[in-house]
Amino acid sequence: KFVSVNLNSMSSTCQTKLPDDPKEWEQLTRQQCIEILREIRVNPVRKPALVYFCGLKLLNESASSLGSEIWAIYEQLTIAAIDTHELENAAYFVLKLRSRFPHSQRVERLRAMIKEAEGNFEQALRIYRKILRETPCDRAAHHRIVAVEKARGNRQGAIELLHEYLKVNQTDEDSYYELMDLYIAEGNMRKAAYCCEELILHEPHNYYTMLKYAEILYTLGGSDSLKLARKYYCNSVRLNESTANIRAVYGLWQTCKAIKANQNNDKENNEVLAWVEKRLKALQPQAPDVAAMLK
Amino acid sequence: LPKITAGTAIVMEFVVSPVAYIKTILHAWKYPACAVNGLLLGKMVKGNLLVEDVVPLFHTHLNLTPMFDVALFQAEGHCKAKGLQVVGLYNANELNTENSPSPAAMKLASRIQADFSNAILWQVLNTRIVEHPDKIAIRLYTMAPAKHWEVQDQVGPFGTHDADAPKSFRYTEEKEVLERVENAISMYKYKKLVDWDDHCENCALSVFTEIEV
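Heads up: the protein sequence lines correspond to chains C and W, in order. As numbered in the numbering used here, residues 58 to 352 make up the first sequence, in order. As numbered in the numbering used here, residues 17 to 229 make up the second sequence, in order.
Hints listed in this document are in silico derivations from the structure and should not be mistaken for laboratory results. Beta carbons: idealized from backbone N, C-alpha and C, even for Gly. One or more hints might be untrue.
Lysine-lysine pairs mimicking DSSO-like chemistry, simulated, CA-CA at most 27 angstroms apart [as the list claims (entries may be wrong)]:
#1 C:Lys338 - C:Lys317
#2 W:Lys98 - C:Lys314
#3 W:Lys205 - C:Lys80
#4 W:Lys151 - W:Lys207
#5 W:Lys96 - C:Lys338
Some chain C residues near chain W, calculated using beta-carbon distances under 7 angstroms [what the hints assert, rightly or not]:
#6 Ile241
#7 Tyr275
#8 Gly308
Only chain W is shown next, with the shape it has when bound in the complex:
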């Protein structure tokens, strides 16, 4: 489904790879009592944005910047090797009732947007993860021309890059992705997820650890 970014005539799709979405939810699940955030990695494919992967960042003191700067630097190095870019930020708040991006999240996302104009912000909806597992638990925000983060009606289709497919995407059904999330949680896959705070406590762990989901 094409999305129209507010105020402009650009019609752009925001495609989400299932792995990126599942890892985001797993990060929130791993630290249920904390706010968490992370970087979105992806690329433009024929004028549409694909979020291919995420780098889980922090579950403590999200407002402190030094480790964010280091993590961003590291992610950019990692991206170059994989032909990706840092395309946005995901954020989950501490309280169940807080479903809007925090000022810190918007500030960090704006920093990313300064380097990548199509950057996006994902806000995790805490209540949906447990109470409504049949619904997508993130909300998409894009940068409006007036320089504030604006919510979009829908999180874009799920899919992965496939150079041979029409429109270059192989789409996945939303239902299948939600099933994979439930599966991953019941198999405790979130225990294997490594974020930057975990790496700082045990430097042998890598934030780029692949998770089978």
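Bound-form chain C, shown alone:
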């Protein structure tokens, strides 16, 4: 299965409303398709079926009027085709890109991704290693090599590769996210916490990394860890008080309850718990599910 090193978890921050229901897609105009593809290039989300539909519609109906934008669309189409396992079409798009950009490493990378999707991992790795011989700092090629190990089911190998890479590229946040994801999947919460700490250092005002850190701490368990989790949940709520961060409110509630189960008389904890329950009650009209929990 094709796995890409993407920031999947951040996908919900896309601002423009993208048409989710495939039945709406038939109604899209040429201009709408162009704008959807532009939006996805600027704010990347993983919506391969939508990209594939819009891209093909533009290619079939108005390829000549797209100008140089067609190459960006070909690239998007290639990745969408790989994601939806339309590998013959993906190969065709890459052929078009290769004819226009014959010496491009970016196109080579797309060719290698198709090999990955076919399961030809060794051939894919050969291409990535060639790219790295020419350009040792090529971030995307490093990422793809990690993705190959993930796709092979070799999570430990992927972790080791990322480790080596991060020793040299310490500012690559995406890689820290990916490493954190891998450690969480392996159940290694201590190392996941370390990655999260690096992310918090990079972005001290990001509510999302605070939230993830709190969740990892809660999972680690134990009274000290829970108290620290409560602190980071509070931080996350403070940084983003909207309902988009309701996860932090739920987490804070659960953490306070867990602390209370061990220490009923902790005054500070009881105050926070009372605040959170009030907050949840206030959210009730917008979030009807909450009622079932507060009974």
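We have chain C already, so just place chain W on it with the hints.
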């Protein structure tokens, strides 16, 4: 068909409501690049276990526990109102090649089993969903007396509770259920499915949203 839980003489049927099975597959279909999991809701009917519905839970960071604890708490409240219980967990892995329950899935299922002794674990078989749509795409696991999850030969008959029917179940043909799955997928019903991660991104969406399948 009666099932014998290994090591004991109890003969118990594991009946699956079509809606529960279809929603499980739809959840896996909605997030094809992610591991997904969810709770199984059901009840005992005359000594047999019926899985009546599911609550789709997560498609990100399945190993983190705080939201699972909240979701379990919420599901238990919801169950009381409907005369149901949390009877198990379903799990689908990220890679096509991983067809066994992950350690996290087994741990969560064991937690559920501690409260409900007949709890079960469904492992979704990723390859079957696309490549073999004529076969049931889940594998049933029950808790052996030696406290490990053991695979059963067959996922039990499909059916719903019918107090008037003999044995209290109205059975459905496996073929019909598989057709309904294909139908639901071709009509993009999975877009309407809401899991806990979806609810956390948009709290107006409810995990208890009914899907017509």
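>> Are any of the numbered hints broken by this structure? If so, which, sorted upward?
In response: As far as the earlier hints go, not one is violated by this structure.
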